[in-house]
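Colleague: Spelled out, the chains give:
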Amino acid sequence: MSAEIPVLVREISEVVPGVRQFALARSDAAPLPSYSAGSHVVVTLRGPDQRLHRNAYSLMGDPLERDCYRIAVRRHAQSRGGSRLLHDSVQAGARLAISHPLNLFPLARLGRRHLLIAGGIGVTPILAHARDLVRLGAPFEVHYAYRSPEQSAFADVLEALAGQRLHRYCSARGERIDQTALLADQPLGTHLYVCGPGPLIDGVRAAARALGWSASHIHSEQFLAPPPGSAFEAMLARSGKTVAVAPETSLLEAIEQAGVIAPQSCRGGACGQCETEVLEAEGRIEHHDVFLSAAERASGRKIMLCVSRLQGRRIVLNL
Amino acid sequence: MTLSIIRSKPSYAPLAWDAEGRTHLLAAHGDGGEALLRLLAAPPRAPIVVRYASDPLDASDRSALLALAAPDYQGFDTIAALLDDLRVDLDGGRMGMRLYLAGSERFVWTASRMAAGFGLCADEIRREHCGSPARAVYCVHCKTIAPEVRTNVVTCPGCTRPLMVRDHYSARLAAYMGFQVDAELPGTVPAIESPYA
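Chains as they are written, first to last, in our numbering: chain D, 1 to 319; chain X, 1001 to 1197.
Each hint can be trusted.
So, partial list: chain X residues that the calculated Cβ filter (under 8 Å) puts toward chain D: (1) E1020; (2) G1021; (3) R1022; (4) L1090; (5) G1093; (6) R1094; (7) G1096; (8) M1097; (9) F1118; (10) G1119; (11) L1120; (12) C1121; (13) D1123; (14) E1124.
Sample of chain D residues lacking proximity to chain X, with all beta carbon distances greater than 12 Å (derived): (15) E248; (16) E256; (17) G272.
Simulated restraints on C-beta separations: (18) X:P1014 with D:P263: 38 to 46 Å; (19) X:P1014 with D:R75: 52 to 60 Å; (20) X:A1016 with D:A295: 17 to 25 Å.
Treat the hints as calculated values from the structure; they're not laboratory data.
From the three backbone atoms N, C-alpha and C, an ideal C-beta is built for every residue, glycine too.
Chain X with its partners taken away, still in its complex shape (with noise of 0.2 Å):
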């Protein structure tokens, strides 16, 4: 595996508590849940508050262990339902809240890029990348999201072409971009691989 160069590409620690903070709002979604649990072991003497939205798809769901780590505690269905929440609690914070966030990168930015609406900075904020190393893919041409892209080539969902998966991450659209593989030389694809399963 080649290292990347491309500085956009994120890169994740396993979450720890910032000591800074005087309150802590903690997010996640699937996997997520298990990196909650493992921070919610060894709390901080202040307000917790957790908000988890389990997936159907993923092999268990956290929500009992996390309703009994955590008193304030809302599980959710979906992960829409979570962000509406969340949207609720950051419009509420004060200053001196830190954001914690855990589950899929697509979950972890796009719940990052709500949290800078409401004016939360880079240090504010702490994400863990959990489960499944699939890539949402952003066509450069017809700006469509394929979502769990798992190939180096992915045929895109809203154009057919074959898009080239590349590092380049955008925090904003919370997908890497895809751009048409074979533009230069049609018909030149690369041999499939596999390398985000």
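So here's chain D without its partners, still in its complex pose (with noise of 0.2 Å):
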């Protein structure tokens, strides 16, 4: 794993009221590391309690441009933290440190065609992926859905690029997505991304399936916050230590908090670097990523540490 890279931020605009704008150049100006449209990174930052948070966010700037990274983040009402400390506490000028990018939603850049879908904040990665496809002159479509006119962050920046090629829905005003209409008459070699809430995700995959789309033409992209649960304790067997996870305390972060390195990338259920063998579990396990396979999870010998944990008593980990 590589390490962090320290960063300043330049510059922050509000976007649209609850999304914020915040433009990420190195402490020592040098370029920083390229990416490819669709690459995110985990910013962490310290709360005023001292506690870390980390959360993914998609890259939303032009690849091209090395001196920044741009990225786009919604103010959660439920948020644990992370996004209302990015919201209320940091300002333009503050340090902060970032993960290199990771891309686990790239383009199929030999795709024929491409049919780009968007919900909500959902939409920064597909804003690197309609920049790309516009310089790849590949056939392509964006389909974005919102709340509200108010909170159409980035629609501005989407129809210049996509011009005619942009289809809003405004759900306020009774607009919603005919997936299965849109789906069933795609041609044949379309690539299909869809990034955005749980449901618009997972309503769009399972239309997608029912119409014989190949799994190969699918990609999305969620990041998940570990879910609350209540507390319980995990015994790490090989580094010989118990760890007590508070409710509000994702498993992950306990491991840490204990001193113990655990793989990690994304952590929001996405990437599979997380992925433990589960010794033993005194209790059931609340899979919460999108990561294992139905059967896997079935098995109850594998967990994510970033979102998932245990209701129950203890857990004994392969760690």
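Join the two chains into one complex using the hints; note that each chain is given alone, in its own frame.
Modeller: Printed below as a string of structure tokens:
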């Protein structure tokens, strides 16, 4: 795992109420690592209570622009603290640390045609995709669903990129993406990309599968915040440590606080890095990730430390 | 016979329906017609399109049987005519389609390559190799492709070099690689056998 990159918040702008864009540049002004459209970084910041918050955000700027990364953050009302902290406490000039970019949501660059679907703040990686597709000269369409005109962040940017190829859906006006109609009549070789709230992703994926879309043409990304649960105990078999996991703390955070280094990357249940073997579980594993297959979940032998937890007394991990 | 450790050598399974597909495009050449007939014996309830080119060299022509088995059937006299039609079918195809190919190795991979050009991925194409195990061999020196090679060493029809027929397969070229067998020790050519007869 490569070291974190120290960055400076160069600029903050309010895109729409509740959504802020942050431009992050290296503290030493050197160019940032190159990345491809669809990549994200994990931003680390320390709360007033000294607690570390780490959240994944898609890079929405231009990959050719290496002097800064751009992320957009929506302030979540029920935030565990990360987005609230970024909105309320981080000012221009603040110092943060970010991970190296990682792409779990790349474009199928050889694809014949591309259908992009974004819901709400899920528009951020789709912006990068659209920019790349314009450069590639590949045929594409964007379908962007948002709650109200006031919450249509970056619709103007998409409009400039996609023009007539942008289709907007405002749920406050009763507009919905007719998923079945949209997906039933797409030319062979079309790739589908969807990013947004869980129900949108699940709905689009299920509609595509029901219409015979093959898995290789369906791409989605969703980062989850670790949901709270009840307290339990994790015994780390190889480290010989026992960790108490509080209701509001994730298993991964509790392990890290105990000084044990666990594999991790996106911290949002998507990348698969923190997959860990379960040796024993007194209770039921609450799987929250979008990585493990149904069969892997059912086996009870694997857990994703970042978002999943135990409903029960004690779990023993091969860690 | 030694097992090949070369991973590019294709392996095949008998064609079977992909239950997730919403429409099915079937194309075969020569003996591949037999594989389509087997498939069509238990068709799914979905639109099925069948395209077939008979081969005058093959013992039996399945066009009549295939025409009976599939309402949307079209027959062709040559692979070239079949591929021209396939191009039109693929161009107008919609997501949810699956492609099934049966016949000579050269045919199924030439058609696969065309399908890839229309954006199909590996999980949307199924292939069955039927009939002769003869190999198309690509000369890595002069880039000529020798069709229907049945021996372990073949004289390149383009440059007359004696070519060793390898298991290394190029899906892009739809041919096995052949290289000059005596390049390092001129005149040293192994005994000629017919493993692909």
